[in-house]
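K.L.:
Hey, can you work out the whole structure from these sequences and the hints?
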Amino acid sequence: MPEHDPATILLTHNKWANTQIMNACAAMSEDDFKRPVEMGMGSLYATMVHIGGAMRGWADLLAGRGFRARAEEASYERAALLAMLDEAADELTQLANAHAMDEIVTRERGGKEYSFTRGAVITHVTTHGMHHRAQCLNMLRQLGVATLPPISVVEWTLMGEGR
0 MPEHDPATIL
10 LTHNKWANTQ
20 IMNACAAMSE
30 DDFKRPVEMG
40 MGSLYATMVH
50 IGGAMRGWAD
60 LLAGRGFRAR
70 AEEASYERAA
80 LLAMLDEAAD
90 ELTQLANAHA
100 MDEIVTRERG
110 GKEYSFTRGA
120 VITHVTTHGM
130 HHRAQCLNML
140 RQLGVATLPP
150 ISVVEWTLMG
160 EGR
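All residue numbers for the sequence shown refer to numbering that gives the first Met the number 0, where the first residue is 0 and numbers rise by one.
Note that these hints are calculated values from the structure, not bench results.
Only a predicted model underlies this, so the values are computations on that prediction, with no experimental measurement involved.
Note that the Cβ used here is the ideal one computed from N, Cα and C, for glycine as well.
Treat the hints with care, as some may be off.
Simulated restraints, written as ranges between beta carbons of each label pair [what the hints assert, rightly or not]: (1) T105 - A133: 37 to 43 Å; (2) R108 - A145: 39 to 45 Å; (3) E86 - P149: 30 to 36 Å; (4) S151 - D89: 19 to 25 Å; (5) D30 - R106: 36 to 42 Å; (6) R69 - P35: 18 to 24 Å; (7) D85 - L147: 20 to 26 Å.
P.N.:
Below is the structure:
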């Protein structure tokens, strides 16, 4: 039976789509992967680090622990970046499955307190990733990649990944 739970779809698709972008970057040079592009976080590399960092930050909130060092402050080889993205995705899935989606979590940022349902966090972190992956498609196009990777939920479903 095809997957039908929205949170599971969002989280599973998010991990898959990150891998699609990273796979599309696998054949390019390190210079192209980090080449400045007037979009997103400024390069494919920086954008994917940002996606992973955001996933880790929201996972820290859902886990009720202090925030880890910002991912953007580290340097990653591609394999380590993909591993960080996968680990963050797996952790978000584990945390989503461990608690009710209507449970409230609270964080402080800039001296102000914010409260969210766990469902809102999961929705935000996955749609945030999709927003930046769409920017990655444009960057790939600008860098001359002829065949762009599939990254939408519809493509994920039609390819049989959502089963």
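K.L.:
All hints are to be evaluated individually against the structure, with a verdict given for each.
P.N.:
Here is how each hint holds up against the structure:
1. At roughly 30 Å, the beta carbons of T105 and A133 sit outside the given window of 37 to 43 Å.
2. Roughly 41 Å separates the CB atoms of R108 and A145, a value that falls within the hinted 39 to 45 Å.
3. At roughly 23 Å, the beta-carbon separation of E86 and P149 lies outside the given 30 to 36 Å, and the hint is violated.
4. Between S151 and D89 the Cβ separation comes to about 22 Å, which falls inside the hinted range of 19 to 25 Å.
5. Checked against the hint of 36 to 42 Å, the pair D30 and R106 passes, with Cβ atoms roughly 37 Å apart.
6. Taking 18 to 24 Å as the suggested C-beta distance range, the pair R69 and P35 conforms, at roughly 20 Å.
7. Checked against the given bound of 20 to 26 Å, the beta carbons of D85 and L147, roughly 22 Å apart, stay inside it.
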